[in-house]
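Asker: Letter by letter, the chains look like this.
Protein chains: 4
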Amino acid sequence: MNKSRLEAFSDGVLAIIITIMVLELKTPHGTSLRTLIPLIPVFMSYVLSFIYVGIYWNNHHHMMQLVKKVNGSVLWANLHLLFWLSLFPFATAWMGENHYETWPVVMYGGVMLMASIAYYILVRTLIKLHGQESDVAKAYGKDVKGKISTGIYVFAILSSFISSWIGIFCYILVAAIWFIPDTRVEKTIANE
Amino acid sequence: MNKSRLEAFSDGVLAIIITIMVLELKTPHGTSLRTLIPLIPVFMSYVLSFIYVGIYWNNHHHMMQLVKKVNGSVLWANLHLLFWLSLFPFATAWMGENHYETWPVVMYGGVMLMASIAYYILVRTLIKLHGQESDVAKAYGKDVKGKISTGIYVFAILSSFISSWIGIFCYILVAAIWFIPDTRVEKTIANE
Amino acid sequence: MNKSRLEAFSDGVLAIIITIMVLELKTPHGTSLRTLIPLIPVFMSYVLSFIYVGIYWNNHHHMMQLVKKVNGSVLWANLHLLFWLSLFPFATAWMGENHYETWPVVMYGGVMLMASIAYYILVRTLIKLHGQESDVAKAYGKDVKGKISTGIYVFAILSSFISSWIGIFCYILVAAIWFIPDTRVEKTIANE
Amino acid sequence: MNKSRLEAFSDGVLAIIITIMVLELKTPHGTSLRTLIPLIPVFMSYVLSFIYVGIYWNNHHHMMQLVKKVNGSVLWANLHLLFWLSLFPFATAWMGENHYETWPVVMYGGVMLMASIAYYILVRTLIKLHGQESDVAKAYGKDVKGKISTGIYVFAILSSFISSWIGIFCYILVAAIWFIPDTRVEKTIANE
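Chains A, B, C and D supply the protein sequences, listed in that same order. Note that the UniProt record's numbering numbers the first sequence so that position 101 is 101, with each residue one more than the last. Note that the UniProt record's numbering numbers the second sequence so that position 122 is 122, with each residue one more than the last. Note that the UniProt record's numbering numbers the third sequence so that position 66 is 66, with each residue one more than the last. Note that the UniProt record's numbering numbers the fourth sequence so that position 165 is 165, with each residue one more than the last.
Just chain A, same shape as in the assembly (with noise of 0.2 Å):
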């Protein structure tokens, strides 16, 4: 089974998603600058929100980059990454039209941590479809990035109790991690 569909239908749903997030930004009724300044905290989510939309999108391409095949296991676990990323929208609305609540808070790590494991459960089925001696092993095989970040969403769910803020500074260091591009994908390619 070649892996092209997969990789469309991914493309898809993850440009859906971005995209869906901005309809939260609603028109404002009047024309003053003022009244901008409600949409300032769903504004401030959907930036966050689409830079980690884009960070997934940007690693599947990349880990996507070394994989020679799919099989019906990877497609699950492709769409049980799907699922929770798909709850994107809603996590970032209910966060951003609550001025950064407690809950809201909460919930948006949870959906992070959700997708952070989905996308170790993938990484993991493509390694054992393609052996440890693939590149996708090779590349992958440690993920000390993937582990940490997991490792700072559990931190930031349960220090959001003491202060919301303290979850909003985690998620912003995840997504600055992330960032800075991945180039274990580019070391696998090069040193073939």
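Please keep in mind that the hints were generated in silico from the structure rather than gathered at the bench. Just so you know, not all the hints are guaranteed correct.
Claimed, not checked - Have a look at the derived ranges for each label pair, beta carbon to beta carbon:
| hint | chain 1 | residue 1 | chain 2 | residue 2 | range |
| --- | --- | --- | --- | --- | --- |
| 1 | C | Pro38 | A | Ser163 | 44 to 54 Å |
| 2 | D | Trp165 | A | Gly30 | 15 to 25 Å |
| 3 | A | Ile148 | B | Met44 | 28 to 38 Å |
| 4 | A | Glu133 | C | Ala176 | 51 to 61 Å |
| 5 | D | His99 | A | Val47 | 25 to 35 Å |
We put the beta carbon where it would ideally sit given N, CA and C, even for glycine.
Using the hints, position chains B, C and D against chain A.
Answerer: Structure of chains B, C and D alone, referenced to chain A:
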């Protein structure tokens, strides 16, 4: 005529269907955990429908591996399937917002039933085009799984008038049957 | 310039148009079968427009089989077609929610008419690029079906002022004419 | 890394942006022709933004013809462009619903300006990757059109405080400049 645009268009429609369903998860107005409680049945319906669309995409993807060519009839049989799948968001929302009452559950089953019949028609149209000796015919000749599913849908619709929970149970059962990977295609490919 | 991105972009837009229309089927507030009755005209409009978008996608798919190259003019002629098709959801919703009253039916016909003219312009632009001896020119040289459709739309719009049901009948008639597969392309391919 | 997924993802996002904008054309409640009058400024804004997204897609399509490879920086520069384009529906709706008052027109210009800067950054990132002797560098080296557009946007934003119609005129002017096909790419291809 080649099959790539049929795949791309189907991927697009399925990606949008799966993502539109999540829009039913309306942002709650409060920020306490309790405000999420009314969303639970909506969320459960979303999960069920997500899995169903995932199954259809998965099966479509598997089947298209064996397809060598398409014609006008196949394009229309595929559009017919997409039509019934496009009603999933409506059926899902009606069922989820009404705590699984009788008619919404019956309607959900009706859409499922029509989609399964549309899939059956698509399979027959493909077999007619490729001939009885083709890979598609060999893999889908008997289609026991498809027939059982259709039977369960009919049973689910009828028994929902006694209790809608029997219907719900049947829908979960069919999802479970299909979740187990469709080994027919992989066997056919392996036998070559 | 190759045609694959034009196909991909058109597939994307058509997939979204076809799926957005279903959002007009708003979830009813009750759970009885009777609450679905007001949705019947909305549903019938959806079915009609789904078939129309299906026909356009089908014809676009057929025509693109004969296209060897594209240029800037073709890209814009294609975008012009997509523009009018993008008004289908609006025209469909207005007609469906108003029980086929005069002006909504006229507007629906107007959008149909403009889309058919846009398709005609796209065909001419493609023929100009490929030359009079090309496959596109041979297959679409006379375009009897296209001219008849355009004529019926004009008649439908005018006669809707007498009774909007004449208009509706005409729209169904044109759909029926096009539903019969377009054998011109298949003949042209077969003749080679 | 190959460019096909970047193209597919961009096509997806642009297709959704262009189609989401039409959702602002809300179904009017009456059935007379008069009920459409309040929609005219919304419709005109839609036409303008449709043309703008069309221009961006067209230019993106042209430019990608000359691109041989992509890297992480290009993926992010492209996402950055898509981010600003994703704000088109919001800016379009705000402007269209408020009869072209000052701040909405300024905001529209601001989004346009940011998108043009993002496009410029994408071009530079691609030139950096391909080298000064590459086709991309030759075709986009001076980028007079891009610089003029950016200048007009700045002028439009400032002059909108005198009269928002100067701003609108400028936006139409830039659209007209770009509507004329971008011959640079075709020349570069022809020269090879």
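Asker: All hints, please: hold or fail.
Answerer: Structure-based check of all given hints:
Remark: the range hint 44 to 54 Å for C:Pro38 to A:Ser163 is upheld by a beta-carbon distance near 49 Å. Under the hint 15 to 25 Å, the C-beta atoms of D:Trp165 and A:Gly30, about 20 Å apart, fit the expected range. Between A:Ile148 and B:Met44 the Cβ separation comes to about 33 Å, which falls inside the hinted range of 28 to 38 Å. Between A:Glu133 and C:Ala176 the beta carbon distance is about 60 Å. The supplied range of 51 to 61 Å therefore holds.
Taking the beta carbon of each, D:His99 and A:Val47 are about 29 Å apart, inside 25 to 35 Å as hinted.
Checked against the numbered hints given earlier, the structure satisfies every one of them.
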